[in-house]
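**Student:** Start from the sequences, fold in the hints, and give me the full structure.
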Amino acid sequence: MGIQNVAVTGGNGKIGRAILENLTDHGYRAINVARGKRREEVSDEYRTTDLLDAGEVYGSLARSDADAVIHMGTIPWPTEHPGFRTYESNVMSTYNVLEASHELGLESVVLASSINVLGCAYQDEPVEVFYLPMDEEHPVTPRDPYALGKHAIEITADGFGRLADAPSIASLRYPWVATAEEILENFVEPDRSLEGLRDAWHHTTRDVMFSYLHMADGAEVARLAMEADLDGHERFWTVAADTTAEVESGVLVEEYYPNAEHRAEIPGTESLISIDKARELLGWEPKRSWRDL
Numbered sequence: 001m002g003i004q005n006v007a008v009t010g011g012n013g014k015i016g017r018a019i020l021e022n023l024t025d026h027g028y029r030a031i032n033v034a035r036g037k038r039r040e041e042v043s044d045e046y047r048t049t050d051l052l053d054a055g056e057v058y059g060s061l062a063r064s065d066a067d068a069v070i071h072m073g074t075i076p077w078p079t080e081h082p083g084f085r086t087y088e089s090n091v092m093s094t095y096n097v098l099e100a101s102h103e104l105g106l107e108s109v110v111l112a113s114s115i116n117v118l119g120c121a122y123q124d125e126p127v128e129v130f131y132l133p134m135d136e137e138h139p140v141t142p143r144d145p146y147a148l149g150k151h152a153i154e155i156t157a158d159g160f161g162r163l164a165d166a167p168s169i170a171s172l173r174y175p176w177v178a179t180a181e182e183i184l185e186n187f188v189e190p191d192r193s194l195e196g197l198r199d200a201w202h203h204t205t206r207d208v209m210f211s212y213l214h215m216a217d218g219a220e221v222a223r224l225a226m227e228a229d230l231d232g233h234e235r236f237w238t239v240a241a242d243t244t245a246e247v248e249s250g251v252l253v254e255e256y257y258p259n260a261e262h263r264a265e266i267p268g269t270e271s272l273i274s275i276d277k278a279r280e281l282l283g284w285e286p287k288r289s290w291r292d293l
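Numbered per this note's numbering, the sequence shown finishes at 293, counting up by one with no gaps.
Note that these hints are calculated values from the structure, not bench results.
The structure displayed is predicted, hence computed values, not measured ones.
Beta carbons: idealized from backbone N, C-alpha and C, even for Gly.
Keep in mind that a hint or two might mislead.
[Unchecked claim] Only pairs whose alpha carbons sit at most 20 Å apart, straight line, appear in this in silico EDC-like list of lysine to aspartate or glutamate: (1) 287 with 21; (2) 14 with 80; (3) 14 with 185; (4) 14 with 40; (5) 14 with 44; (6) 277 with 227; (7) 277 with 154; (8) 14 with 45; (9) 287 with 246; (10) 287 with 276; (11) 277 with 229; (12) 37 with 50; (13) 14 with 25; (14) 37 with 21; (15) 287 with 182; (16) 37 with 53.
[Stated by the list, open to error] Label pairs and their in silico Cβ distance ranges: (17) 231 with 255: 33 to 41 Å; (18) 287 with 83: 35 to 43 Å; (19) 250 with 54: 45 to 53 Å; (20) 48 with 14: 13 to 21 Å.
**Tutor:** Right, dumping it as structure tokens:
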């Protein structure tokens, strides 16, 4: 029968709304499952739902007749919340979505993981880089509540993915996902040379591997992951094809990651993180670069 109805948790948020738009543009019936009042006019249906309440999650997915769910409804950054709230938001909401999806026989689940699974932006210790280009097998060393939560949702998804009747499950390791206006403000207008990078916003520099993603590409990969027929659970790096720096990637490697093993050359300004897995299994290619704005 295939996927027709897609629930998007957190559809009131920035990336959630972009995903709703992408789904409707591609002929899907999109259901926004979120807390509070509706703050978008894109979805075909809205269901007010506390994602930390397992019963409400189950009921909303059942009543909306969802065939798949894209779960974006978590705390997007931890700086305004106590650690346990951040961890709870990530982990328990994801467990509730996975459990309901399994019990209801949904075909596909897409989860919002993060580059912060490495332990990047919200802790004092610098991210540990063992080899480059980085891929999905690279070790992760999370320490803060946000990073620990993202790591925990991937482990939880591993468990659900082992079930004989598991849905297709994809965890997307997003970097900072930005609108065109945000990209213009943070990359195009400032100095992105080595000297300029020393004063740049830390979410765009060393500890996030100089990665970013345009909002439209972030929405596109979520839909493609939902459409993919995966065997259990798979992790994917979903970053732009290039770095946020003006200098070549080889210069960044020498300057910022001198102890990392070099497993392959990284030509030009190509990303330090490999997106080959997303290309091969999802058919995804990021189309937008800050250099084109």
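**Student:** Against this structure, judge whether each hint is valid.
**Tutor:** Quick rundown of the hints versus the structure:
Restraint check for residue 287 and residue 21: the C-alpha separation of about 17 Å stays at or below 20 Å, so the hint holds. Between residue 14 and residue 80, the direct Cα distance comes to roughly 17 Å. Compliance with the 20 Å bound is thereby established for this hinted pair. Taking the CA atoms of residue 14 and residue 185, the gap is about 17 Å. The hint holds against a cut of 20 Å. For the proposed pair residue 14 and residue 40, the alpha carbon gap of about 10 Å is at most 20 Å, so the pair holds.
Between residue 14 and residue 44 the alpha-carbon distance is near 17 Å, which keeps this suggested pair within the 20 Å criterion. Under the criterion of a C-alpha separation no larger than 20 Å, the hint pairing residue 277 with residue 227 is consistent with the structure, at around 15 Å. Note on residue 277 and residue 154: the hinted pairing holds, with a Cα-Cα distance of about 16 Å set against a maximum of 20 Å. Between the alpha carbons of residue 14 and residue 45 the distance comes to roughly 18 Å, so the proposed pair stays at or under 20 Å and holds.
Proposed proximity of residue 287 and residue 246 is supported: the alpha carbons are some 18 Å apart, at most 20 Å. The straight-line distance between the Cα atoms of residue 287 and residue 276 is roughly 14 Å, inside the 20 Å bound, and the hint therefore holds. The hinted pair formed by residue 277 and residue 229 meets the criterion: a straight-line CA distance of about 14 Å does not exceed 20 Å. For the given pair, residue 37 sits about 12 Å from residue 50 by alpha-carbon distance, which is consistent with the 20 Å threshold.
At roughly 17 Å between alpha-carbon atoms, residue 14 and residue 25 fall within 20 Å of each other, so this suggested pair holds. In summary, the hint linking residue 37 to residue 21 is supported, as the alpha carbons are separated by about 18 Å, within the 20 Å threshold. Note on residue 287 and residue 182: the hinted pairing holds, with a Cα-Cα distance of about 17 Å set against a maximum of 20 Å. Restraint check for residue 37 and residue 53: the C-alpha separation of about 17 Å stays at or below 20 Å, so the hint holds.
With their beta carbons about 40 Å apart, residue 231 and residue 255 fall inside the hinted range of 33 to 41 Å. Checked against the given bound of 35 to 43 Å, the beta carbons of residue 287 and residue 83, roughly 37 Å apart, stay inside it. About 49 Å separates the C-beta atoms of residue 250 and residue 54, a value consistent with the hinted range of 45 to 53 Å. At about 19 Å, the CB distance of residue 48 to residue 14 agrees with the hint of 13 to 21 Å.
Violated hints for the displayed structure: none, as all numbered hints are satisfied.
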